[in-house]
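Heads up: the protein sequence lines correspond to chains A and B, in order.
Numbering-wise, this note's numbering puts 9 at position 9 of the first sequence, and it's gapless, one number per residue.
Numbering-wise, this note's numbering puts 173 at position 173 of the second sequence, and it's gapless, one number per residue.
Don't take every hint at face value.
Using 20 Å as the maximum straight-line C-alpha spacing, the simulated EDC-like pairs for lysine to aspartate or glutamate come out as follows [to be verified]:
(1) Lys-202/B to Glu-224/A
(2) Lys-113/A to Glu-71/A
(3) Lys-185/A to Glu-224/B
(4) Lys-158/A to Glu-180/A
(5) Lys-185/A to Asp-87/B
(6) Lys-185/B to Glu-180/A
(7) Lys-185/B to Asp-87/A
(8) Lys-202/B to Glu-224/B
(9) Lys-107/A to Asp-62/A
(10) Lys-137/A to Glu-224/A
(11) Lys-202/B to Glu-136/A
(12) Lys-202/A to Glu-224/B
No wet-lab data here; the hints were simulated from the structure.
There are 2 protein chains.
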Amino acid sequence: MSILVVGSVAYDTVETPFGKAERVLGGSASFFSVAASFFVPVNLVAVVGNDFGEKELAAFKDRPIDLSGLERAEGKTFHWSGKYSYDLNSRDTIFTDLNVFESFRPKIPAAFKKSEYVFLGNIDPALQRDVLDQVEKPKVVACDTMNFWISGRLEELKKTLARVDVLLINDSEARELSGEWNIVKAARAIRAMGPRALVIKKGEHGVLMFTTHGAFAAPAYPLEDVFDPTGAGDTFAGGFMGYLAGRGGEGDGALRRAIIMGSTLASFAVEAFSLDRLLRLTREEIEQRFQLFRQLTHFEAL
Amino acid sequence: MSILVVGSVAYDTVETPFGKAERVLGGSASFFSVAASFFVPVNLVAVVGNDFGEKELAAFKDRPIDLSGLERAEGKTFHWSGKYSYDLNSRDTIFTDLNVFESFRPKIPAAFKKSEYVFLGNIDPALQRDVLDQVEKPKVVACDTMNFWISGRLEELKKTLARVDVLLINDSEARELSGEWNIVKAARAIRAMGPRALVIKKGEHGVLMFTTHGAFAAPAYPLEDVFDPTGAGDTFAGGFMGYLAGRGGEGDGALRRAIIMGSTLASFAVEAFSLDRLLRLTREEIEQRFQLFRQLTHFEAL
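Next comes chain A alone, as it looks inside the complex (with noise of 0.2 Å):
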C-alpha cells in the first residue's frame, strides 16, 4: 500500500504568543507526508522553488517519503506568514506569497499512478481531479478544500466531490459548503454530493465523522501546552490517512479508529513550531497517546 498526496510545500513564518518562527519548513503536503509515513510509504507531489534548501529537504529523508515528484520551479517557494491571536483561536494572515505554487500543475510520476489512497490537499478542485485522471484506480480517495475553493469554484468542487470518498475540512466550511448550520443536516447534504466519509475539524473541539454507520465524534486531547496550531489540520489527515493505508482496513471501526489516529498526530504536531515534534516523535509516543485518547473517552454501559 502506498498514499499520494498533493499539496504544498512552503515556508511557513509564524507568530504565537509563545514566539516567533521565521521561514521554517510547512505546506500541507509536508505535515501530511511526515504524519502518513509512521504507517506506510509516502508519493508526495508538490512545487517548491530554487531557493527551497537541502537543510528543509531533510526534513523528509530516512523516511519513506518519495520526493521524485517534488518539483523544482524557477523562482521562490510559497511563503505563508500568520499571526495568532492570545487565545490561539484566531489568526491573521500577515501575507501569502504564492511564488511557484501559483501556477503549479501536479504531475503524477509514472511510478506514482498505481498509489492505492490518494490526499488531495487544498488546491483548484479542477487541478484536484486533473490528479484523479492521472491515477489508476485509487481505493480510497480524500480531499480537502477551503473556503476560497467553496465560495469561488462551487460547481468546479461539486464535480470534485463526486469523485471523493472521504472529505476533511472544517465546521465553517462545512456549513458554507451545504448551505445548512445545523451540523447534521450539513452533513447530510455534503454526504449527497458524493463523499461516503464526512470528517468535520472542529479544532480544539475535536473531530465529528459521519458515514452509512451514523456518527462519530472524537476529542481533541486536552493538551497543557500548545505552542502552534499551524498544521494541525493536515498532520490529521496524515495519521488518519497513514493509518487508514497502513493497517486500518475499510469498515466503520478502520475509520473511527483513523480518527482518533489523525488526532493523535495533530495533537503532537501543535506542540512545537514546524514540524519539529513530529520529526522527534517515536512509534511507542504514538501508541501511547492513542491509548490515552481510549482513557480520554471511555465509559461503561448503564
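Put chain B on the given structure of chain A with help from the hints.
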C-alpha cells in the same frame, strides 16, 4: 438517597429562530428537578411570586419532587427574557426581572436537611454557603456559578468552592475563574480551590471533566433539530446528579456515566421550549439515547 436543589423557579420568555414562547416555566431548579427526578427523589427549594399558577406547578406533579420548600412570596415571579441568534450559539437578554428572587434567602425545611446530595444553583455564593450551613453532612455537594459572581464576588465564591465536591461551569467561566486560558491549566487551578471534580460545559462541543483520575471528554449529541437551548446546562446538572445519587456510586466510572447521563437529558431538553420535552420523556428513551452516546464515541484499541 435524595437530592436537595436550591435555585430559581421562573418564567421565561424566549425567542429562537423557530418560534417564541411567552411566560413559560423556566429557572435552574425547574430544569434540574425534572431531570433528576427520573432517578431519585428531589427536594426543591426556591421562591415564586403570587402570580405563579397551578398550570406551572403541574409540571412537578406526579414526579418525586417535594415542593414543601417552594416559598411563595408577595410580589411577582422571576421573569427572564432572551432572544437567540440564528445559529443558537449566542443570545441577547431582553430583560431580567428578578422580582421576588432578588430577596431570596433559602430556608431549608427540616425534612430536607438530611439530603445526601446537594446542588447549589447559580445564586450569590454567600447564600450557597448559607445553604450548606443548614444541611447535615451531605455526601456530595455540587455547585453552579456564573461570570457575574466570578468578577464581582470572587472571595466569597472561593470560600464556597472550598466546601464543594463538584463544580459545573462553562468554558468561559472556567477561564475567568482561574485566570488561565488553557483549559488544562484552568482545571488544575480550579481544583486547587476545592472541587475534586470540575465539569466544564461547552454547549454543542460537549463536556470535559477533570478529576484525580485525569480528564474525561464527552461530545454533545449531534441533533438535527435544536429548538431552544434554554435550560440545557441545568438539565445536564440534573441528569448528572440524579444518576450519581440514584444509581451511580462514587468512583470515576460512575462520574463518567453521570456525565453521559447529563448530556443525554440535556439533548432532550433542547428539542422543545421550556420543559416540554422533559415532561413527556420516558425512561426507555433515556436508556436508548445513552446507548447512542456509546455508539457515537466508541472505538477499539489498536
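Hints, one by one, checked against the model:
1. Lys-202/B to Glu-224/A: Between Lys-202/B and Glu-224/A the Cα gap is close to 18 Å, so the pair holds against 20 Å.
2. Lys-113/A to Glu-71/A: OK: Lys-113/A and Glu-71/A at ~16 Å, within 20 Å.
3. Lys-185/A to Glu-224/B: Status holds; Cα separation ~6 Å.
4. Lys-158/A to Glu-180/A: Distance of about 16 Å is within 20 Å: holds.
5. Lys-185/A to Asp-87/B: OK: Lys-185/A and Asp-87/B at ~13 Å, within 20 Å.
6. Lys-185/B to Glu-180/A: This hinted pair is violated, its Cα atoms lying about 35 Å apart.
7. Lys-185/B to Asp-87/A: 13 Å, holds
8. Lys-202/B to Glu-224/B: 18 Å, holds
9. Lys-107/A to Asp-62/A: 24 Å, violated
10. Lys-137/A to Glu-224/A: 43 Å, violated
11. Lys-202/B to Glu-136/A: Violated, at about 45 Å.
12. Lys-202/A to Glu-224/B: 18 Å, holds
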